[in-house]
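J.: What follows is each chain in one-letter form.
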Amino acid sequence: MSTLDATGEAARRPFPGRRARTGDVLLQGVAGLAALGAVVLLGLLAYKIVDGARLSLSTFGLGFLVHVGWDPVHSHFGAGGFLFGTAVTSIGALILATPLALGIALFLTELAPRWIRGPVTALVETLAAIPSVVIGLWGILVLGPVLHDHVMPALHSTLGFIPLFGPSTTGSTIFTAILVLTIMILPIVSSISRELFLGVPPELKEAALGLGTTRWEMVRGVVLPHTRGGVAAAMILGLGRAVGEAIAVAQVIGAFNNGISWNLFSSGNTLAAQIALEYQSAETKLDVSSLFYLGLILLVFSLVVNLLARMVVRRVARRQGVPAR
Amino acid sequence: MSAADVSALQRPNDRLRRRRAVNRGMELLAWLASALGVAILGVVVWSVAKRGASELNLDLLTKVPVPFAIGNVKQGLANAFVGSLVVVGLATAMAVPFGILVAIYVNEFAPRAIRNGVGLVLDVLNGVPAIVVGIFVFGLVVVSHGQSAYAGAFALAVLMLPLVARATIEVLALVPSTLREASLGLGVTRWRTTLGIVLPQTVGGIVTGTMLAVARVSGETAPLLFTCSLAGTSIDSNPGHALQTVPVAIFELSESADPADHARAWAAALVLLLFILFSSLTARWLAARSRRKLGRAT
Numbered sequence: 054m055s056t057l058d059a060t061g062e063a064a065r066r067p068f069p070g071r072r073a074r075t076g077d078v079l080l081q082g083v084a085g086l087a088a089l090g091a092v093v094l095l096g097l098l099a100y101k102i103v104d105g106a107r108l109s110l111s112t113f114g115l116g117f118l119v120h121v122g123w124d125p126v127h128s129h130f131g132a133g134g135f136l137f138g139t140a141v142t143s144i145g146a147l148i149l150a151t152p153l154a155l156g157i158a159l160f161l162t163e164l165a166p167r168w169i170r171g172p173v174t175a176l177v178e179t180l181a182a183i184p185s186v187v188i189g190l191w192g193i194l195v196l197g198p199v200l201h202d203h204v205m206p207a208l209h210s211t212l213g214f215i216p217l218f219g220p221s222t223t224g225s226t227i228f229t230a231i232l233v234l235t236i237m238i239l240p241i242v243s244s245i246s247r248e249l250f251l252g253v254p255p256e257l258k259e260a261a262l263g264l265g266t267t268r269w270e271m272v273r274g275v276v277l278p279h280t281r282g283g284v285a286a287a288m289i290l291g292l293g294r295a296v297g298e299a300i301a302v303a304q305v306i307g308a309f310n311n312g313i314s315w316n317l318f319s320s321g322n323t324l325a326a327q328i329a330l331e332y333q334s335a336e337t338k339l340d341v342s343s344l345f346y347l348g349l350i351l352l353v354f355s356l357v358v359n360l361l362a363r364m365v366v367r368r369v370a371r372r373q374g375v376p377a378r
Numbered sequence: 557m558s559a560a561d562v563s564a565l566q567r568p569n570d571r572l573r574r575r576r577a578v579n580r581g582m583e584l585l586a587w588l589a590s591a592l593g594v595a596i597l598g599v600v601v602w603s604v605a606k607r608g609a610s611e612l613n614l615d616l617l618t619k620v621p622v623p624f625a626i627g628n629v630k631q632g633l634a635n636a637f638v639g640s641l642v643v644v645g646l647a648t649a650m651a652v653p654f655g656i657l658v659a660i661y662v663n664e665f666a667p668r669a670i671r672n673g674v675g676l677v678l679d680v681l682n683g684v685p686a687i688v689v690g691i692f693v694f695g696l697v698v699v700s701h702g703q704s705a706y707a708g709a710f711a712l713a714v715l716m717l718p719l720v721a722r723a724t725i726e727v728l729a730l731v732p733s734t735l736r737e738a739s740l741g742l743g744v745t746r747w748r749t750t751l752g753i754v755l756p757q758t759v760g761g762i763v764t765g766t767m768l769a770v771a772r773v774s775g776e777t778a779p780l781l782f783t784c785s786l787a788g789t790s791i792d793s794n795p796g797h798a799l800q801t802v803p804v805a806i807f808e809l810s811e812s813a814d815p816a817d818h819a820r821a822w823a824a825a826l827v828l829l830l831f832i833l834f835s836s837l838t839a840r841w842l843a844a845r846s847r848r849k850l851g852r853a854t
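Listed in order, the protein sequences are those of chains U and W. Going by the numbering used here, the first sequence opens with residue 54, and the numbers climb by one from there. Going by the numbering used here, the second sequence opens with residue 557, and the numbers climb by one from there.
Take these hints with a grain of salt, some might be off.
[Claimed, not checked] Here are the in silico distance ranges between beta carbons for each label pair:
1. W:Gly-598 <-> U:Glu-336: 36 to 46 Å
2. W:Ser-793 <-> U:Arg-367: 43 to 53 Å
3. W:Gly-581 <-> U:Ser-334: 46 to 56 Å
Hint data in this document are derived by calculation from the structure and do not stem from the laboratory. Each residue gets a CB set at the ideal place from its N, CA and C atoms; glycine is no exception.
In isolation and in its complexed conformation, chain W is listed as follows (with noise of 0.2 Å):
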């Protein structure tokens, strides 16, 4: 660049090829260090894409785990699968509405300083880590209701709702005052401007915000061992009941010595992987072309 342009006219000296040595040096090691990022994450990808082929089979998502299994019996986790949608679609459910009134109470009627108080409070319980909401929910319910889906769904939902609420904030902050101005100014009242105008302007950005909050909740291991791990092996979907779940599952034949159980672990990493990998990246994709038509329109 003009770096090099302007320093060629100079005549070469031994300082100056030093400097330019430095130089390339440090390129080179910004290079590699982003070939070594994407690297380890195709060498993550194709491990698990490789042993979890293998297996991956329709009896891994019809059949249930046979414990003490003497000789090839057919196996699956089925349970895992059926768990799992059962407590994300339960978190999800209470998670998002909650999320899109803190946020509507955060960016629509909350003077500046609780705006802010609850900004760090939603700061704040994003940084609790995981596993701690699992004790913390094993205290609240656990110990005087026992395991269920519905304690395990709480857990999560508490991990979702400040990634809900952050995000509906920002989409809504984008939403223009005018629009909220004509909107009053023709006498439609606070609330109906709220619910019918504003809000539907940022249907694509809640969208977007639970796609990436449930990709990230539906892998979560820690909060569920304390509240929802304790399952059988049958297919249940009664939420009164602790249920197995594909993390804990995954977490739990990982810990096994036996081979064949690795293999499941692998299969069900695979499905889980590809699952979170797709959500992800839909919505990414959602986001960027709904900022894109943004863009356009101002």
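So that you can see chain U by itself, here it is in the shape it has in the complex (with noise of 0.2 Å):
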């Protein structure tokens, strides 16, 4: 404020420094902050799961993994049946959309002529815009009848003995609900899969040409073996997606929670559908707790889910002697 301390500054720091030195920490620190809030973030997001689950934890236990029902007059809860339809559900479209993808991404990197490649690519990543709620909307409305009216009833009479393929009552049915998630896992899978087929090395390709094998008998020694690791990273990120989708499967899935079934054309639930289902309907303290205990499940799995997509790539990325990303 005196001359004094305006001289004396001045003489410490011939360079006008001061004031940009403070920027420098100023910056460093507020983006700092902001990245350590983002780890906060995440670990205050684990926190609350956990917390709000504790009641439930407590009540029921491991023994809420295994237990079927969700039945609040009795106030017992039990996640078993949502597990069974979780896993049935995403295994399903994951069986269905990877080959599906692998054709796409085939398609998009060997056979297509090139001024398609552009427009088809960025219509199969479209599909991935399409919001949740739009497609359980069409899955309820549009593909749940005409798969109860026409699919349904003859998978059911060609198929029947086998006991996925049973009679069908309904068009919101587990088999509904394994399509819709075929359709938004597609796109992932593809997309990954595309990118990994560019990144295999044309002289591997034109080596294997060379010696006289077909297309698709380089794509089996070359590109497929090539890129295993990765295809089974975007898996199980495909995997990840279909488990964690809460709207769109409880649209079209009819949520029965009392009881699994193996055949397909019944209702079923899943974790992240009954959590999104009970919004409005959860009352109890115990209630919510255990709505918070399925979320916990969903969140542990999609920590492993994720890590262990790391770790595929990171390996494969390692054996190949290329640096991970």
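Now that you have both chains on their own, put them together as the hints suggest.
T.: What follows is the structure, given as structure tokens:
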């Protein structure tokens, strides 16, 4: 404030650097706080989910995971049926989506004329942009009735000896959910696979073709082995997406909570869908806490999926001598 | 291609014929898979467009829903459109500056180990299911303060944060380090270099990333169910209240048994879909254009 301060300041710093350095510290501090904030946010998220689930955890323990049924009247809740439904729907979707996605990726990298690649890539990826609530709306009002009227009776009469294809009474079934999830994970698996296939060194492909292989033999012998790990990671990520999808599944699966059935043409429920459907009806503390317990299962699963996909990618990268991204 | 040319020189035998047939079959399957992928998109979009277009009129955007309407009352979802604007706008305002700061720290200041750590956190955050984010915010905010547009926006912001941060990190990494060195070498301080020289280079990428993130969260229903869904039917823009939003409205209308409700759900879905397709296609186009420009410069 006084002149003495000002001159002292100037003497100590021949360059107008003090304010500038404050700026550096300030920006680094604020940005660092933001980064710390992101880490804290994830920690807080995990803590709040565990905290919310505490009552249910202490009441039901691990038995929650195997008990089938959601009974608010007697306050007895279990995730067994939802775990079953989640496994069936997401694995079913993965089984349908993977070959389809690989076919699309191969078409886009090996077969398609150049002019068609860009538009088809964009169209398939646009599928990923459609909100789940819109796909669910389509699933319940268009896909469900079509499946119930035509597809499910036909499958039941021809393949009915397999218990999966039982009689159908409604369009809101596990099967409908599988198809809806297939549509939702298809663009994820196909776009990752496409990028992987593009990364296969052309020398390898040309070498195979030069040896007289057909294009399919080249794909089977060079492209697929070369990208196996990456495709596995893509499938894991697709599975993670299918498991976590709440809204579209909630709309089409029929929300049947008391029992499990191998008949794909009957209603069921999944972890995520059950949370979404209970948003208005959960009343008691134990009920709400059990929803958090379901969320905790989903959270743990999503963590495992993410780390697993990361590990697979890293291992493949190391084996191939390419530094991981 | 070359395989066919080479094998044409040999005398075709049964084995070769079989190999070619398998090849032909597999190629056909790949064609069919792609056709199916595009067809699915076509069928979904066409279903929404066909059913939504008939109900798509000014009433949808200007009138509010009338509960237990008897007869032919003009109804719309104006409240939901206003609510969505408020909630998504607030979420963007929360997530974008936060995401950019995280990206600046990761790319410009952080040591390698921390950079990888924050990257992992962003990936994990990106992988958390939206419904789990919903109950997280429910536990954090709603249990003590009740539902509000702030709570809903916060939930959406949690989903947007990793998207914006990732996109910004990617474009920051593209800025040539010679640019930073030139600026620092001229005696410009670190913070002015970062904010005045480096960041302006990345505005295009940040805008693209933000648009994609907005497109993604404006269709999200799951995080809003527990945080911002118990809303009235009047037009309201006070973020302190729980506001109706377009995705939640579609979800509720789709569960209804009344065909008139379904019609409005289709119309709202059409508007939502048009908005999302428009913004994500524009973002893609902008990204492609800036990539072309960068390619020409180097």
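J.: Compare the structure with each hint and give your call.
T.: Hint-by-hint comparison with the structure:
1. W:Gly-598 <-> U:Glu-336: 36 to 46 Å: holds, 44 Å
2. W:Ser-793 <-> U:Arg-367: 43 to 53 Å: Check passed, 48 Å falls within 43 to 53 Å.
3. W:Gly-581 <-> U:Ser-334: 46 to 56 Å: holds, 52 Å
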